[in-house]
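Asks: Read off the chains here:
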Amino acid sequence: MSINDHILELKNVSQAYGSVNQRFVAIEDLNLIIDEGEFVTLLGPSGCGKSTLLRIAAGLQQPSGGMVLYRDNPLLGVNPHNAIVFQTFVLFPWLTAQQNIEVVLKTRGIPPKPRIARAIELLGLVGLGGFENAYPSELSGGMRQKVGFARAMATEPELLCMDEPFSSLDVLSA
Amino acid sequence: MAAVLLMLLGTQWYLLFNIIAGATAIPQDLKDAATMLQLDRLTRWRTLILPSIFPYIITGAITSAGGAWNASIIAEYIQFRGKTFSINGLGALISEATPNGDYPLLLAATLTIILTVVIINVAIWRRMYHIAEENYHFD
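Chains L and Z supply the protein sequences, listed in that same order. The first sequence: position 123 = 106 (our numbering), numbered continuously. The second sequence: position 133 = 422 (our numbering), numbered continuously.
Here chain L stands alone, though its shape is the one from the complex (with noise of 0.2 Å):
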C-alpha cells in the first residue's frame, strides 16, 4: 500500500473569522486523511464548524492556516472531482428536477438524448420517478434533497460530500 492512497488530506488546517480584536476561530490545526473506498462521518453539535471544514475540503473556500491536499496536489479553488450535497439543498428555484441535473450533464458536454435518458435514470435511483417535471417549490423537503443528491451523483464524483444530508429524509429513505 503506497502513500499515494490517500484521496483528501487536509494538514494543520485553521478557519479563524475576524480581525485581530474580534477573532472568532472555528476550526484550529485540524488534520485528516481519507483514502479511497473509505466513508467517513464527521458528528458535532451545531455551529462545531463541520460545514465550514466540509467547504474547506471541497475548496469553495481557502482555509485561513494550513493546506488541503487531494490525490498529493495543493487544492487551489473548487475540487472538480469532488460534489457536494448542501444542507439547504440549492436547486436552481426556476428548473425542474430532471432539468436541474440535466444541466449538470450538458456542461460535461453529453448530447441531449443520453442526457434526458441519465436524468431519468438517476432521479428514478433515489425514488423519484414521475416527478421528473415538478419545480423544487412543488416538491416537498425531502425530495429536495433527493434531487440535489441525484445531482451530485450526475458529476460521477471520486468523493461525496454530504452535509446534514439525512435531515429531511424519513426514515425508509434514509
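These are computed hints drawn from the structure, not numbers from a lab. Honestly, I wouldn't trust all of these hints.
[What the hints assert, rightly or not] Cβ pair distances, simulated, as ranges:
1) Z/V411 - L/C31: 52 to 60 Å
2) L/I16 - Z/W302: 52 to 60 Å
3) Z/Y418 - L/D153: 33 to 41 Å
4) Z/W302 - L/M50: 40 to 48 Å
5) Z/T324 - L/G20: 20 to 28 Å
6) Z/I403 - L/E121: 34 to 42 Å
7) Z/P316 - L/N4: 28 to 36 Å
8) Z/L339 - L/E147: 24 to 32 Å
9) L/N4 - Z/R415: 51 to 59 Å
10) Z/I346 - L/N4: 23 to 31 Å
11) Z/I403 - L/G30: 53 to 61 Å
On a predicted model such as this, the values are computed, not experimentally measured, just so you know. Glycine included, every Cβ here is placed at the ideal spot set by N, Cα and C.
With chain L's structure known, arrange chain Z on it following the hints.
Replies: What follows is chain Z alone, placed relative to chain L:
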C-alpha cells in the same frame, strides 16, 4: 434621434442600479453550487445569473420607462439660445401647449400619454411580473 439619446442618458441609471441590486442579491449558496457543478460560463449565465436578476431587470425597465416619459417632455422640445429644437412627439405637444395656453391640446396630449402608459402596463409589464413571480422567485 438626439431626443432618444437624451432620454436614455437620463433613465439608464434606473436600470443600472436595479441590476446591480439584483446581482448582489444572488444567493451565495446558489453561486457555490454552480461553481461546484463546474458549470461553464455560458451555462452559468443562462441558468443562474440571468434568471436571478430577471425581476430586477423588469423593475428597472418599468422605472426607466416611466422616467423616459417624463424626460420626453423636456427632450422633445428644447429652447436653447433663442432657438427652438423640437420633434414630433407627445412630449413636444405638452411643452408647446403649456405656455400658449392651449388647454384642449394639453389635455388631449396628457390623456394620450396616460392611456398609452396604462395599455403598456397591462399588456407588457403585468405579464412580465407574472412570469417573474411564477418562475423566477426564490423560495
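Asks: If a hint holds in the structure, say so; if it does not, say that too.
Replies: Do the hints match the structure? See the list:
| no. | hint | result |
| --- | --- | --- |
| 1 | Z/V411 - L/C31: 52 to 60 Å | holds, 55 Å |
| 2 | L/I16 - Z/W302: 52 to 60 Å | holds, 55 Å |
| 3 | Z/Y418 - L/D153: 33 to 41 Å | holds, 38 Å |
| 4 | Z/W302 - L/M50: 40 to 48 Å | holds, 46 Å |
| 5 | Z/T324 - L/G20: 20 to 28 Å | holds, 27 Å |
| 6 | Z/I403 - L/E121: 34 to 42 Å | holds, 40 Å |
| 7 | Z/P316 - L/N4: 28 to 36 Å | holds, 30 Å |
| 8 | Z/L339 - L/E147: 24 to 32 Å | holds, 31 Å |
| 9 | L/N4 - Z/R415: 51 to 59 Å | holds, 52 Å |
| 10 | Z/I346 - L/N4: 23 to 31 Å | violated, 42 Å |
| 11 | Z/I403 - L/G30: 53 to 61 Å | holds, 57 Å |
Checked against the numbered hints listed earlier, the structure breaks hint 10 alone; every other hint is satisfied.
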